[in-house]
Structures are given as C-alpha cells and as structure tokens.
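J.: Each chain, letter by letter, is given below.
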Amino acid sequence: MQHFTSIKDVLDLSALVKTAAAFKKDSFAMPDLGKQKTLGMLFFNSSLRTRLSTQKAAQNLGMQVIVMNVGTDGWALETEEGVIMNQGEAEHIKEAATVIGQYCDILGVRSFANLKNQKEDYEEKVLQNFIKYAGVPVVSLESATLHPLQSLTDLLTINLNKKIEKPKVVLTWAPHPKALPQAVANSFSEWMLKSEVEFVITHPKGYELSKNFTEGAIITNNQDEAFKNADFIYAKNWSAYNDYGKILSQDENWMITKEKMALTNEAFFMHCLPVRRNVIVSDDVIDNDKSLVIEQAGNREFAAQAVLKEMVIKL
Amino acid sequence: MQHFTSIKDVLDLSALVKTAAAFKKDSFAMPDLGKQKTLGMLFFNSSLRTRLSTQKAAQNLGMQVIVMNVGTDGWALETEEGVIMNQGEAEHIKEAATVIGQYCDILGVRSFANLKNQKEDYEEKVLQNFIKYAGVPVVSLESATLHPLQSLTDLLTINLNKKIEKPKVVLTWAPHPKALPQAVANSFSEWMLKSEVEFVITHPKGYELSKNFTEGAIITNNQDEAFKNADFIYAKNWSAYNDYGKILSQDENWMITKEKMALTNEAFFMHCLPVRRNVIVSDDVIDNDKSLVIEQAGNREFAAQAVLKEMVIKL
Amino acid sequence: MQHFTSIKDVLDLSALVKTAAAFKKDSFAMPDLGKQKTLGMLFFNSSLRTRLSTQKAAQNLGMQVIVMNVGTDGWALETEEGVIMNQGEAEHIKEAATVIGQYCDILGVRSFANLKNQKEDYEEKVLQNFIKYAGVPVVSLESATLHPLQSLTDLLTINLNKKIEKPKVVLTWAPHPKALPQAVANSFSEWMLKSEVEFVITHPKGYELSKNFTEGAIITNNQDEAFKNADFIYAKNWSAYNDYGKILSQDENWMITKEKMALTNEAFFMHCLPVRRNVIVSDDVIDNDKSLVIEQAGNREFAAQAVLKEMVIKL
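Chain order of the listed sequences is A, B and C. Under the numbering used here, think of the first position of the first sequence as 487, with each following residue one higher. Under the numbering used here, think of the first position of the second sequence as 487, with each following residue one higher. Under the numbering used here, think of the first position of the third sequence as 487, with each following residue one higher.
The set of hints was computed from the structure by calculation and includes no laboratory data. Every value quoted in this text rests on a predicted model; they were computed, and no experiment measured them. Just so it is clear, CB atoms sit at the ideal spot from N, CA and C, and this is done for glycine as well. Some hints could be false.
Per label pair, the in silico range of CB-to-CB distance [said to hold, decoys possible]:
hint, chain 1, residue 1, chain 2, residue 2, range
1, B, 647, A, 514, 37 to 47 Å
2, B, 567, C, 512, 33 to 43 Å
3, C, 605, B, 648, 55 to 65 Å
4, B, 567, C, 562, 49 to 59 Å
5, C, 704, B, 531, 50 to 60 Å
6, C, 728, B, 603, 35 to 45 Å
7, A, 562, C, 733, 14 to 24 Å
8, C, 566, A, 531, 32 to 42 Å
9, C, 514, B, 488, 16 to 26 Å
10, A, 800, C, 514, 41 to 51 Å
11, A, 692, C, 744, 29 to 39 Å
Cross-link-like lysine-lysine pairs, in silico, DSS-like; alpha carbons within 27 Å at most [to be verified]:
hint, chain 1, residue 1, chain 2, residue 2
12, B, 652, A, 510
13, A, 605, A, 494
14, A, 605, A, 652
15, A, 494, A, 714
16, A, 511, B, 602
17, A, 521, B, 744
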C-alpha cells in the first residue's frame, strides 16, 4: 500500500490481518527489511500506545525511528492557503511537510480533531496536507476522523478470539466527562463493515456518527437490545457529530457494567484505551477475564508492524 | 536479578561492582548482548544524567531504547483503586503499566516523591504498580524513596578511589532553597551499610532519615566531628522525613567549604549532581582536584550498564 | 575538524562541500563509519529541520543519537561564575557540560540569542561553555550568533544550482512581526565572503550587522539596486544589531515579491525556513520553480553528514 490512512488504502484486508498475526508469533521474522529506512513520527497530540507500539514495530523491522513532538519540540503550523502569516504560526504546513518528508522514508502523523468546526475536521487538513506535500508514504497515527492502526488491531483481536465464524460485534457509546473525537468509532465502524461480523452500533439519540462510515450498520438507541447475543462489546465515547463536538449526555446508565454484560452471549469486552474506569466501564468488567483490552493494546505492535512491512516493501 | 529498585535486588554486590568497573574499561565488551531487546524509559520527572547515561548504557549493549516523558508526551495516570475516573487523570496506571510492559523487555521508571504525604511516597505507588502490572523487569531510574543506580555509581567511585581497605565515608546534609526528596540519601545509606566502609551520617536535628535505611549507621548532629578522619565526604540536601517534606534549616554553616574539608583526612568530595554551587558546596571544594563529582557522574553509564547486563541475561 | 561552530573551523571548504554533495548522491556510502559513536543533541530552543536532518545524518553514518530538550526534559542551567545558586537554576553549565560530554562522542548544541544583551549573546556563553567543559567535539546546531550547518547547506545549494562560475548572491533583509536573531545572516555572510561569489547585503538603515561577519561585503540600503543582475536572492529577517534586538522597521516594501524578483537575472530564491508567507516572501515567489527553499532544506541532511563525517574521523 502507498499511504495508510483508512481501510480504503488496504488492498487485501485478510492478508494484512494474517501478516499481523504472523508478526505476533515472531516479531523479529524480518529484522532487516527496514534497514536504512527511517520512519518519522510527528505528534501534534499526545500519544502513549500509538507512540510506543509503532516505534517498537518499526524497530522490529530494522527501521530507524525519529520522533518529533510538533508544538513542544517545534512550533505551530499554518494550514490556510494564501494567508498573510503575521500571527502565531511560524511555518506553513506546505514547507514543513515537504521538508520533513525529505528526511524520512515513511511519515507517521497524529493530529486530532479540534471539535470546533466539523467541516475543517472532516477535511483532515493536517493529514491531507502531509499526504499532498510530504512526497513519501504517510501512515495515520490517528487523524481527526479515523484511527486505522487501532481498527486493524481491533479486527486482529476479534479474529484471534472469536468462537464462531461470524460473531456479533457491538460498538456502544459510553459516557465521558470530556468531549472526544469520533475517530475511533468511525474507523472501527468502517473496518467492521468490511469484516465477516454482524455489526451493530448503539448510542443515545443525537450521537449518530457520519453516515460515510456507518452505512450498512444496524443502529439502535436501545443498548440492552443491542447487547443481546453479542459476542464482542466494543465501548467508546464520542462527542456528537451533528451537533458537532457537543456533549449531549453523560447518562451513567450507558456505562458498561456486569449487569449489561450479562445480557450478552458471554461477550468479550474491548476498548482502545485510555479508558476511564467506572465512567466508561466498571472495574468488574474491565478486570474480568473476558476483557481483551490488554491483548488489544499489545496487538498494536503487530498491527503497526504489518502496515509498515507493506509500506516498506513498496518503497 | 529480576527487578532493580533497591540494594535488596542485588544478589552479589561485589560482582556487580566488578562488572561496572569492567564496562568502564571496555564499554563495548558486549555489543550484541541486548540485540532485539528494548528498554523503555518512562519519565514522570525531569532527568539529565539518568536519562542520558542509561540510554547510553543500553545502547552499549546493543539494546533499542524508547523514551517517553509521561505527562508531556502522554497524560496523567490514576493510581487509586476503585475510583470513579471523572477527573483529570485519563488512564489508570494498571492499564498503562500493563500495556507499556508489552512493548518493552525491560522498563525503566523515574517517579519522584511529591513530599506531601509520607505514607504515599514511602509506599512507592507508581514504582510498585509498574512492578505489579508491567510483566517485565523494572529498573528504578530514581523512585520516591531510593535511587539505586546512583548508589551503585557511588560505591563504584569510592572503590576506584579509596586508598585504604575500609575508608571512612560521611554522608552530610547541606542546605538548599527547595524541599528535596530523601531518595539519594536513603539509598546511599543502605548501600554503604552493606559495603566495606565506616559509615557516618551527619545532619541538623530534625533531619533524621527513616530508620529502615539507616539502621546501623553512626549518626551525629555535629558535622565537624563527623568530618574528622573522613576519606570521603558525600554531600546531599534532603527535606525532613519526620516533619515530612519540610525545610527545617537553611543554615549556611552546613555548606561544604574548604575549611570543613580541612577537618578531614584529605577526603574526596562527592555529590550526585545537579548541585547548587555556593549553597551546597563552595566553588573551591567542587573545583578542587579532590572533587569526584564528574567521575561519579561519568560512572553512571557503567553502573547502568552492569545492571542492564544482569537483567538482560535473565530475560 | 575538531569543533564546528563557524567557518573558522573549516580547514578545506571546497572539500567539505564536495563531501556533502557526495552524500547527496549516496547517503549510505559510509554506513559503519560512526559505529559505536554517539551524537548527543541538546536543544535549548525549538528546532525542526536541524533536529531531524542532523539526527538522520548521524544515523546515515551508523551513529547512535541521543536527543535531549534542556528545560523541558531537564532544568535551567546557570552560566555565571562564582554565583550563589539559590535561584531558579538547579545546575551549573560547568557540571552539565562536563557530565554530558562523558556520555557522547560528539555533542550538538542549539542555543539562541536572547536579544536582550548584545555582549552576552555575542560572547556565546552557552556554546563556549560546552566547548570549554564538554571534553568532546561540539557541533553548533545554531548558536546565538551563527548557524554554520545552515550556511554549509546554503553554499552547497548555490554550488549545485549556479549557472556561472561566480554568481551574484544577495542577502536581503525582509520584514517579520517578531524580533529574530542575526545568526543566520551573520553566518551566511561569513560563508559567502569565503566563497566564489559576488556578495551583496541589502537592508533598511539601522539593520547593519556586526562588521566581524560582513567585512568585505558590498552593503546597500537600496534593495532594488541590490537585486539588479542577482543570481541568488537569499531573504532573511533579523533584528537590529546596534540598537540591539530591536524591530526598527516592518516595511512591507521589503517583502520579496514577483516584481522584486523581476529586477534580477532570473535569480533563484532562497530562505532557511521556517518562513512566514506573504510577510517575508509572497506566495508567487516561494511557490515559483526558481524557489530553492525545499532543496535547501533537503540539503541540510548532507551538510550535517559531511560535518559529522569530518568530526568522526578525527575521534
């Protein structure tokens, strides 16, 4: 693949998941594939799992990794065209992206939604500018609207744990004190819709995601109904898409509890982390042996490694 | 050794010091020992010597190093059990530690005392949670109560410079404008008490350290008396342990001066650095050729390398 | 060369430029030259190009790189002699430099002018203290008064693009909303004066640079006159040297526009970046195919690699 910013960049999903599974068995199977290749990782936002797992994945392939925290290590970037740059931004993303691209063979970019302007966020200005100007393949380390490395991990984790051919997977909204982006939910939805699962989304009224990512999913506002016969419960908070960036509910009844999980078919519990305990999910669910959150996070390394491998062999 | 968080983790102290001394003679003696092993270094607090020397030590052994500044690169971690996480902390240390452990073969953690609550600090909540959850060996890069990599360096430096079999080593409190943890002093004390030295601690009244670390030491409030016949003067400020975290004295008479050093047996001067000149120690003492502070800091690399070597061979 | 902090450290300028040009053709020509050698990179100020390109350059040579952001990763350093350190600075640069030098084979230091005190800035206290105390070769990653890695890139870029043996090169001041150091301009001037070019400096009255760096250059306050027959236009803002650190003009007429470029001999446009579009230079000039800013930034990698190569072979 050239870039990796959404499932649309994946030519053979099944093969990609198999590659990730193979790296899980032997992470040093290709220790020289990335020799003399450099992965640049640019963080416009905080990161723990993505930062560490992607760096580890690249090093497993023998790549060099250069990490840069934009904003703290550098300075703010301008993204508007034609602007007179006499304000806070010291550099235009055009120059920054093109220049950074010259020092890397693959460029990872993390840039969250600001949740103030739907159109701006969904245009993915930062990510798209890097794709346009960097001149090298770009891997999303979570963008304003999608988090494909997370979704590949999620699919891998489901495949490694499913007990039936076509499990029922439920993405459920859960409450949170802060307004969060829709990226993980959007991304999980578009990946599930291309996978062999029965996919259901449940959320309170007003939390409808963009149809661009959910077309074809069963959507219900009845969480209890959605949980029936579920094999996997994937919890995530997001802020409203239509009433953009707003918190419309903090209803504790949407928290994932033991009682809720009892409605399912002994479902596994999943979450991308970080997770707020006893807000998103109760301790007894996340600490239960049906909780996959740790394995899911561990799989991040192998998902990233599979993606980087596909990108490196095309260089 | 499995973990390295205090002298209690050291099975053979003499052998460990010898290993460090050997690396000082040839730091690339084992360039492939750590091949395909990753040291993760997590900093909850600032670091210069520990950060650089430990990274260098790991690279000398052929290890990969991943550095993360928790808080600036990531976010605040919750350490309480069973709490409803609707405040500032975005992730529980349980998940963070377990997840990070999956990406590393050895995990280094630096987490200082907050000096507000003695019980909390001395429980070493952050370090102990990493040990409990990370699933990989943990090396302390200075914890709330101890700094064993520093103490190993100190012992190595004493051994390489001592002129008699059993030198007199004096740990002396010295004034400082800010409240500092007891970690370096606690740690130095417990290492000296297991070493072949005559060990004396001197400090103003009220600055008694926890007996857990000083049992067996000669303790006096008379600095001049303590300095008599001393072969090594180890200066360090710490805040009060009993009246926890308080500054009880800024008495300039406790600063280490030429006059004070004249009371000794031409003693070497030691300090872990960073040091405030003309507050802790006068320029003419630290710049004197009996000052070991630079060699001591240089030895950090080899102390860390010896510890990492012992940890890597057990993986 | 031992240190690399100004053109005075370069013994054979022509050979150095050739080495850089050769690395541009094959950046992995010497993949093991820096094996088991560590470049430490210390940033007292923000950096993007220098940070990434120098790290990449070192890795091309097989070096290990340790990056440290002083101030955020560590703490503030004292530079005064004999001071009683009871204020904000936790460590003296004497200790810091000497200690850090022990962990590195080559030390890179970035430390900008503060623009408050001309004498202090032009004494290069930080850089000179590192040279004095680090005990290892020091490479400037931009100091208070000079930016030699940038200047080497600039010369390389001019040489690779010039159409006549001795092109006319014009350094022109351009407006900027913030007070900037003179380092890039000083450095470019002293490098041009040792190169085979006709060198002209143009700026508004009051923006005279220190004669230490411009002796021998043609200097004019008439930008239009300067641009006539120019083959290269090198734009840069700087604050006043005599009325130190002051902004004396924000005259938009000094911005580099299409109309200004029309006065030249179809000159190439150069700038070290980051650049404020439509303040320093209009979009139609920087986006024109005569703009070299991207190539210039890309050449940073090979300039740094040539310098590091010269330093490594002398270790």
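J.: Now, for every hint given, state plainly whether the structure supports it.
T.: The hints, checked one at a time:
1. B:647 <-> A:514: 37 to 47 Å: Holds, since residue 647 of chain B and residue 514 of chain A (Cβ atoms, about 43 Å apart) stay within the stated range.
2. B:567 <-> C:512: 33 to 43 Å: violated, 58 Å
3. C:605 <-> B:648: 55 to 65 Å: Since the Cβ atoms of residue 605 of chain C and residue 648 of chain B sit about 46 Å apart, the hinted range of 55 to 65 Å is violated.
4. B:567 <-> C:562: 49 to 59 Å: violated, 38 Å
5. C:704 <-> B:531: 50 to 60 Å: Roughly 54 Å apart at Cβ, these two residues keep to the hinted range, so it holds.
6. C:728 <-> B:603: 35 to 45 Å: violated, 56 Å
7. A:562 <-> C:733: 14 to 24 Å: The hinted range 14 to 24 Å holds for residue 562 of chain A and residue 733 of chain C, with Cβ atoms some 21 Å apart.
8. C:566 <-> A:531: 32 to 42 Å: holds, 39 Å
9. C:514 <-> B:488: 16 to 26 Å: Violated: the Cβ-Cβ distance is about 40 Å, outside 16 to 26 Å.
10. A:800 <-> C:514: 41 to 51 Å: violated, 19 Å
11. A:692 <-> C:744: 29 to 39 Å: violated, 51 Å
12. B:652 <-> A:510: violated, 53 Å
13. A:605 <-> A:494: Judged against 27 Å, a Cα distance of about 21 Å means the pair holds.
14. A:605 <-> A:652: violated, 36 Å
15. A:494 <-> A:714: violated, 31 Å
16. A:511 <-> B:602: violated, 46 Å
17. A:521 <-> B:744: Measuring from Cα to Cα gives roughly 56 Å; hence the hint is violated.
Violated hints, listed in ascending order, are 2, 3, 4, 6, 9, 10, 11, 12, 14, 15, 16, 17; each of the other numbered hints is respected by the structure.
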